[in-house]
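There are 2 protein chains.
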Amino acid sequence: MRTIEWKEGVVVTVDQTKLPNETTILKMTSCNDVAKAIKMMKIRGAPLLGAAAGYGLALTAYHSKAETKDQLMEELVVSARILRNTRPTAINLFWALDRVIEKTRETEGNVATAVKAVIEEAERIATEDVLANKIIGKHGSSLIDDGDTVLTHCNAGSLATVDYGTALGVVRAAWKDGKNIKVIATETRPLLQGSRLTTYELLQDGIPVTLITDNMAGYVLSEGLVDKVVVGADRIVTDAVINKIGTYTIAVLARENDVPFYVAAPESTFDLERSSEDVLIEKRDADEVVKFGGVLVAPAGIEVLNPAFDVTPLKYVSAIIYEKGILYPKDFQRLSTQN
Amino acid sequence: MRTIEWKEGVVVTVDQTKLPNETTILKMTSCNDVAKAIKMMKIRGAPLLGAAAGYGLALTAYHSKAETKDQLMEELVVSARILRNTRPTAINLFWALDRVIEKTRETEGNVATAVKAVIEEAERIATEDVLANKIIGKHGSSLIDDGDTVLTHCNAGSLATVDYGTALGVVRAAWKDGKNIKVIATETRPLLQGSRLTTYELLQDGIPVTLITDNMAGYVLSEGLVDKVVVGADRIVTDAVINKIGTYTIAVLARENDVPFYVAAPESTFDLERSSEDVLIEKRDADEVVKFGGVLVAPAGIEVLNPAFDVTPLKYVSAIIYEKGILYPKDFQRLSTQN
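Line by line, the protein sequences give chains A and B. Note that my numbering has the first sequence beginning at 1, numbered continuously upward. Note that my numbering has the second sequence beginning at 340, numbered continuously upward.
It should be emphasised that the hints constitute simulated quantities derived from the structure, not laboratory data. Some clues are possibly wrong.
[Unchecked claim] Covered by chain B, per the in silico footprint, the following chain A stretches (three or more residues, Cβ under 8 Å): (1) 207-215; (2) 227-233; (3) 239-248; (4) 252-259.
[Unchecked claim] Capping the alpha-carbon separation at 20 Å, the derived lysine to aspartate or glutamate pairs in EDC-like fashion look like this: (5) Lys182(A) with Glu642(B); (6) Lys654(B) with Asp258(A); (7) Lys654(B) with Glu256(A); (8) Lys654(B) with Glu223(A); (9) Lys521(B) with Glu303(A); (10) Lys315(A) with Glu595(B); (11) Lys630(B) with Glu22(A); (12) Lys291(A) with Asp626(B).
Every residue, glycine too, gets a C-beta built ideally from N, C-alpha and C.
I would like the entire structure built from these sequences, with the hints used as guidance.
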């Protein structure tokens with residue numbers, strides 16, 4: 001089952017803030033619905049944000065009363081601006097918006113043709129994501145050995161994508177290839193995507209998983225309990241991988257303990273026109289850190305720093321797995337020159 | 340006010356699992372009360388465990404009906420065994436038990452004299468701890484510059500000791516010396532000693548503190564937001580510092596970012612007859628990781644690894660601050676040979 005689906009003017013997904021205790025289906029009928037769900041992290045994960053952004057524009061197009069293509073384009077530009085203002089770091093969101101608008105602009109014909117083009121392009125983004133993940137999984141499985149324990153961070157699974165997952169796509173492919181592997185999942189504070197989502201996905205697939213708190217990453221790596229690290233990415237720039245807060249920490253610890261550190265992400269995550277210093281790291285609300293289920297776990301009014309992402313320089317990355325193959329450090333220089 | 344106090348046959352402390360939301364006073368009248376409080380981490384922090392263990396024996400002695408010194412010694416040995424079986428990692432607990440029993444054994448006289456000796460030695464351990472922390476603070480302050488931001492992990496404050504604290508003793512002394520410093524506190528999962536206790540102590544003292552989740556340690560260090568790291572220790576052995584889970588991770592990140600990593604601990608934390616491979620790292624219950632305020636935040640039955648401590652090899656340690664001065668890497672070799 002796909003994490004996000006288009007059903008004739010309604011975009012259907014699961015509210016990820018409620019998992020694993022509750023499976024709440026979310027039905028969105030406007031770009032504002034989608035923007036709100038993204039801001040509240042009911043929808044999260046870089047590739048899924050791309051698909052959701054595309055569908056957000058599809059909702060605008062589907063329900064539009066525009067009488068000309070120009071009017072529709074104007075509405076799409078307004079919707080894109082709303083979606084752009086949700087979360088600043090994952091590039092896939094911007095990429096998908098640009099792609100749908102570009103495609104629609106290029107499509108010749110009347111308003112009905114344009115509406116159809118928007119919806120089709122949104123659908124294409126979602127379908128391509130599933131395909132990309134399957135291929136990423138296939139490439140990535142070649143890096144995983146029978147008997148390996150794989151450490152992953154946050155959730156780069158089917159819930160972070162349209163289906164299958166990036167980092168967990170690699171895990172799934174290795175498992176499907178008959179490799180007897182185990183996963184260690186970091187809980188990923190503050191929002192616990194690891195304990196809530198990654199463990200949930202792996203349990204459903206019957207893949208053995210052990211949960212740790214984030215500060216145990218050093219322990220499991222130094223104790224020799226991890227053979228490979230595989231994580232996703234929110235944006236890959238010319239000098240770094242930008243991903244969920246804590247990724248940099250794990251990358252440094254992996255290198256210190258001679259454990260390969262792999263990043264699995266579709267090409268839609270690449271932003272090779274920028275370096276890390278050009279990327280805004282989203283800072284989120286203090287309540288995410290100091291409250292658990294609405295209950296305060298720190299003194300009231302305490303100052304909190306809550307960056308959602310961090311920057312892992314490419315020197316810590318052993319390989320980037322994407323749908324076109326595997327990039328090794330010798331290939332990384334091409335990232336900054338291929339444009 | 341001391342964290343733990345002897346009041347004629349009653350040991351009084353605060354239940355640290357309830358802070359900062361509730362200040363629940365705990366009155367213990369037997370060694371079993373103390374053992375239970377330690378196991379449940381109502382009492383925690385290596386130096387405080389030492390003081391509590393001493394007081395546990397004092398309670399046995401005070402309430403004893405032994406008619407001979409030999410009978411009392413037998414009761415003390417039984418009590419010591421109960422206290423020894425609470426938590427295996429912090430050395431201070433074992434050190435205090437050995438010290439009180441040894442002192443009592445050496446004391447000549449009748450049972451009343453022996454009872455008095457137990458109580459006096461327990462009181463002496465507590466008093467010496469406060470003094471040691473004050474001196475540690477004084478030494479440590481010399482390493483802190485005006486304007487520094489100090490990163491600390493877990494709680495090595497007055498709540499982890501009888502009073503003043505080790506790592507926070509250094510912070511307090513620097514602050515008292517007029518240095519305009521700030522603290523970044525990691526929340527310290529799973530039991531949140533950082534967000535619940537360290538922030539609480541610093542707020543009370545008016546020392547600026549910012550809370551982060553554990554996986555943000557790499558972010559703040561790589562962003563240049565930290566000038567010094569200061570942590571406590573549960574046991575210092577010939578080759579490593581053993582401290583709250585996550586310490587090793589921060590030490591590696593500090594070295595990677597050229598930030599000094601200091602350990603502040605009294606000599607009662609030193610165990611120079613052992614190396615790290617001889618020390619048992621306590622594994623605690625899965626519920627600490629998967630439940631928040633009794634509410635499950637991960638799929639039911641998920642496998643969890645929950646080590647309470649990790650091992651930081653001395654190569655990552657810039658200095659150890661103790662009551663006799665500051666040990667630098669050039670002095671560390673003496674740690675393994677001075678016995």
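List of violated hint numbers, smallest to largest: The structure conflicts with hint 2 only, although it agrees with all the remaining ones.
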